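Number of protein chains: 2
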Amino acid sequence: MADEENNVSEGATVYVPDLLYTGRRFESGLALVCGPAGDVLAVECAEGAGGRVVRLRGRALLPGMVNAHSHAFQRVIRGRTEFRSGERDSFWTWREAMYAAASALSPEDLYDASRMAFTEMALAGITAVGEFHYLHRTPEGDEYTDPNLLARCVVRAARDVGVRVALLRVAYARAGFRRPPDERQKRFIEPDPARFIANTEALLKDFADEGEHPRAWVGVAPHSVRAVPLEYLKEVCAFAGSRRLPVHMHVAEQPAENAACLEETGRTPVRLLADEGLLGPRFTAVHAVHVTPEEVQALAAARSIVCACPTTERNLGDGVVPADRLLAAGVPVALGTDSHTQVDLLEDARELEYHLRLTRLERNVLAPVADDEGSPVSALAARLFDCATRSGASSIGFRGGELEPGRPADFFTVDLNDPSVAGADSEDLLPAVVFSLSRAAVREVAVGGRLVVEDGRHAAQGETIERFKALRRKLRGA
Amino acid sequence: MADEENNVSEGATVYVPDLLYTGRRFESGLALVCGPAGDVLAVECAEGAGGRVVRLRGRALLPGMVNAHSHAFQRVIRGRTEFRSGERDSFWTWREAMYAAASALSPEDLYDASRMAFTEMALAGITAVGEFHYLHRTPEGDEYTDPNLLARCVVRAARDVGVRVALLRVAYARAGFRRPPDERQKRFIEPDPARFIANTEALLKDFADEGEHPRAWVGVAPHSVRAVPLEYLKEVCAFAGSRRLPVHMHVAEQPAENAACLEETGRTPVRLLADEGLLGPRFTAVHAVHVTPEEVQALAAARSIVCACPTTERNLGDGVVPADRLLAAGVPVALGTDSHTQVDLLEDARELEYHLRLTRLERNVLAPVADDEGSPVSALAARLFDCATRSGASSIGFRGGELEPGRPADFFTVDLNDPSVAGADSEDLLPAVVFSLSRAAVREVAVGGRLVVEDGRHAAQGETIERFKALRRKLRGA
Chain A
1 MADEENNVSE GATVYVPDLL YTGRRFESGL ALVCGPAGDV LAVECAEGAG
51 GRVVRLRGRA LLPGMVNAHS HAFQRVIRGR TEFRSGERDS FWTWREAMYA
101 AASALSPEDL YDASRMAFTE MALAGITAVG EFHYLHRTPE GDEYTDPNLL
151 ARCVVRAARD VGVRVALLRV AYARAGFRRP PDERQKRFIE PDPARFIANT
201 EALLKDFADE GEHPRAWVGV APHSVRAVPL EYLKEVCAFA GSRRLPVHMH
251 VAEQPAENAA CLEETGRTPV RLLADEGLLG PRFTAVHAVH VTPEEVQALA
301 AARSIVCACP TTERNLGDGV VPADRLLAAG VPVALGTDSH TQVDLLEDAR
351 ELEYHLRLTR LERNVLAPVA DDEGSPVSAL AARLFDCATR SGASSIGFRG
401 GELEPGRPAD FFTVDLNDPS VAGADSEDLL PAVVFSLSRA AVREVAVGGR
451 LVVEDGRHAA QGETIERFKA LRRKLRGA
Chain B
1 MADEENNVSE GATVYVPDLL YTGRRFESGL ALVCGPAGDV LAVECAEGAG
51 GRVVRLRGRA LLPGMVNAHS HAFQRVIRGR TEFRSGERDS FWTWREAMYA
101 AASALSPEDL YDASRMAFTE MALAGITAVG EFHYLHRTPE GDEYTDPNLL
151 ARCVVRAARD VGVRVALLRV AYARAGFRRP PDERQKRFIE PDPARFIANT
201 EALLKDFADE GEHPRAWVGV APHSVRAVPL EYLKEVCAFA GSRRLPVHMH
251 VAEQPAENAA CLEETGRTPV RLLADEGLLG PRFTAVHAVH VTPEEVQALA
301 AARSIVCACP TTERNLGDGV VPADRLLAAG VPVALGTDSH TQVDLLEDAR
351 ELEYHLRLTR LERNVLAPVA DDEGSPVSAL AARLFDCATR SGASSIGFRG
401 GELEPGRPAD FFTVDLNDPS VAGADSEDLL PAVVFSLSRA AVREVAVGGR
451 LVVEDGRHAA QGETIERFKA LRRKLRGA
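Order-wise, the sequence lines are chains A and B.
Under the numbering used here, think of the first position of the first sequence as 1, with each following residue one higher.
Under the numbering used here, think of the first position of the second sequence as 1, with each following residue one higher.
Think of the hints as simulated: they come from the structure by calculation, not from any bench.
Computed from a predicted structure; not experimentally measured.
Among the clues, some could well be false.
Since the list can't tell identical chains apart, any single copy or any two copies may satisfy a pair.
[What the hints assert, rightly or not] With a Cα cut of at most 25 Å, we get these calculated DMTMM-like pairs of lysine to aspartate or glutamate:
1. Lys474 - Asp142
2. Lys469 - Asp275
3. Lys474 - Glu427
4. Lys469 - Glu27
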């Protein structure tokens with residue numbers, strides 16, 4: 001037994017924080033033991049845990065957060081769309097600015113923008129991201145010699161930052177039902193499912209040797225019922241099913257989308273997907289703001305996931321995700337930073353609850369019914385933190401989101417002396433983190449047991465920012 | 001002339017940032033020249049400005065923010081109320097937890113809690129605060145030998161941190177119309193206006209020698225129409241008018257409050273105040289969530305101010321402040337962090353707009369009609385930043401909120417390389433700050449020309465936090 005313990009600790013790194021989040025509560029006196037392969041070997045008593053010991057004094061340690069919905073390149077329009085461009089501004093006028101940016105980026109620009117976004121995520125405690133990637137072609141609409149050139153730029157950016165990435169490769173066929181082609185969408189289009197599948201197959205080969213805890217992998221993302229006609233959609237979903245890939249799709253973000261779907265198919269988006277058998281446990285409906293009670297039941301029956309993106313949904317005027325009805329029906333809710341107007345997944349977590357408080361004029365709307373596990377003081381916060389971790393991991397097909405033996409050793413730490421949480425005890429620390437934490441309090445971030453952020457800084461942060469600033473200057477000159 | 005210039009620069013400190021916010025835009029090449037008395041001497045060309053030069057490399061400099069509504073002691077319940085305590089949780093159940101904390105604090109505890117809250121404000125770029133102070137008596141409900149003992153603890157905390165404070169001394173007479181006295185409110189009560197006025201007069205004497213740019217001053221705050229009967233209210237307002245003091249009052253935060261006022265007086269709160277002639281340019285209605293269009297007009301006609309507290313209003317389930325109707329009618333909107341569930345006045349600023357986007361499903365709701373000043377890209381952000389600065393200053397009776405000669409030299413800086421704003425140029429920096437800034441980007445904060453926060457830290461931060469942690473431990477044991 002002693003030998004086995006020695007073997008276990010061979011090459012292990014032992015992180016010893018003041019408090020460690022074990023899934024429902026913070027506990028003191030525990031260590032996180034990480035193996036050389038980057039997985040969790042044990043969560044055990046700090047006394048006597050073998051290996052290289054890293055003391056994290058004054059810190060609480062939590063599982064890394066999972067950002068289930070990102071469009072990394074949209075970081076370039078931050079601050080450029082918060083003004084009125086017409087009589088009545090909406091998602092649709094915002095989209096024009098976003099399309100202009102999408103048209104202007106070279107492959108290396110995309111790398112620089114993505115690296116900036118992923119660095120900001122790492123600094124906020126995010127260790128894995130689902131990148132909903134729809135830039136495939138040249139600005140002129142031609143295929144690059146390598147049709148996955150841009151996808152590979154995004155994956156390279158994530159690898160260089162050190163965060164895990166699910167490259168959710170987008171299928172995009174058209175501007176919409178009975179709508180003429182839109183010039184601004186020509187970088188997105190793969191006109192038929194055979195082309196989409198062949199290109200996705202080629203990308204899949206990149207990640208054949210990733211091992212048990214991959215740093216990058218592939219999912220598919222039929223963009224929306226607007227952009228992908230039903231027959232195309234069915235082929236993409238059949239392909240994903242055969243490869244057991246996660247499927248993400250924008251669903252019911254804007255009322256106009258639902259109306260167009262109704263006009264084309266006689267059914268609302270979720271109804272259509274359910275009828276056609278396209279939902280399932282690997283399906284994530286991104287947004288799902290405008291869904292009927294019947295559609296919520298269909299998502300629940302299929303064991304599908306919803307990804308809410310409240311900081312973006314409030315920015316775009318999409319509306320409030322009915323997380324109360326979704327969670328009550330048993331639909332897991334993941335979270336995404338989406339357009340990156342803010343990169344703070346805890347702000348998304350609290351808004352999931354807060355936007356319901358604002359519309360219902362009551363408090364603690366999503367608080368679970370009392371159970372015997374954990375403290376009631378932290379039960380709501382634990383549920384919201386699960387959205388930012390476990391549900392996100394399920395959504396993007398990742399085994400992380402919690403710190404248990406055999407899972408990836410991805411975590412972040414919180415400075416217990418940061419003014420945003422100072423004074424919290426083990427019982428109310430999680431509510432303080434979920435409802436009040438400032439990004440300034442995130443100090444260390446590890447992926448696969450290795451620190452990518454130390455004392456609030458990423459090693460390559462300076463260069464990343466300089467390159468991003470040069471990109472912004474170039475885009476302004478364009 | 002040369003001599004005069006030398007005189008001007010005698011003892012001056014010249015802050016030279018990369019960019020300086022001059023009210024509608026950021027400009028480069030400018031310096032902020034601060035006099036020995038703590039006021040702004042000039043905003044002028046950085047080349048040749050005389051005095052001790054402090055280069056703020058990689059920084060943008062903005063006027064310090066004004067937090068117009070704070071209950072500093074409520075910092076002690078952060079993280080303790082985010083769970084369901086009954087079938088349906090609301091403002092009213094939250095209030096029970098807040099009352100329990102209010103009952104438990106000694107004078108020194110109140111100092112420690114206040115110092116913690118004011119330190120967090122300083123670190124967030126807030127340089128002046130309106131403290132709506134209603135703790136007057138001992139836990140048993142007796143007057144302290146000094147009836148302003150607790151008010152003085154709060155003012156001392158603000159002075160020690162270095163932020164300016166308007167001590168808005170609260171008048172509180174009763175639990176409500178036809179409601180029996182509430183044990184938990186006995187620390188708040190001053191049963192008659194004569195007592196309230198005498199005690200406020202005594203406090204006013206503390207600040208007789210504050211000079212042109214006071215660090216602390218007094219206003220009055222009849223708590224609400226619920227807590228102050230009309231005759232009492234009229235005497236308080238007459239007193240405030242004779243002394244030209246700011247008057248703050250909680251107005252229309254919760255529907256139940258409006259209903260009770262209607263029952264007692266036959267009028268809604270704002271209607272009542274307008275009819276009785278109690279509104280005016282020194283009057284601030286805090287919250288004003290549930291107001292009719294007619295009430296908005298009454299506030300506008302009286303040139304009164306509204307103080308919105310969106311981070312608290314979303315936490316308490318109060319509802320959405322109709323900032324669209326208020327601003328359209330010409331009512332200035334100030335901002336407050338109120339219960340301190342978060343201390344981030346820029347988050348409050350963006351929520352003023354965002355909560356309207358969520359309910360109206362459109363964008364840029366508060367964007368002003370185009371004018372010739374400034375860039376349209378930053379016009380909405382400038383309007384929201386005005387709420388966090390100029391309108392807050394007007395609300396609490398303070399000459400700050402902008403950086404102009406003769407005004408107090410209160411400012412904060414933003415690290416232009418912080419990932420939350422990196423890549424912004426002078427045109428889109430303000431929208432990036434208002435919509436995306438992380439508190440981590442706030443690096444220097446000055447009050448009266450002297451730095452109270454340097455490189456993101458307050459000099460006394462360590463001791464302040466240790467004392468606050470000890471207070472939290474004591475409250476848990478109590």
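Hint by hint, here is what the structure shows:
1. Lys474 - Asp142: Answer is within: at 23 Å inside a copy they meet the 25 Å cutoff, but 68 Å across does not.
2. Lys469 - Asp275: neither (48 Å within a copy, 56 Å between copies)
3. Lys474 - Glu427: between (49 Å within a copy, 15 Å between copies)
4. Lys469 - Glu27: Between copies only: 18 Å across chains, 42 Å inside a chain, cut-off 25 Å.
In this structure, only the earlier hint numbered 2 is contradicted, and the remaining ones agree with it.
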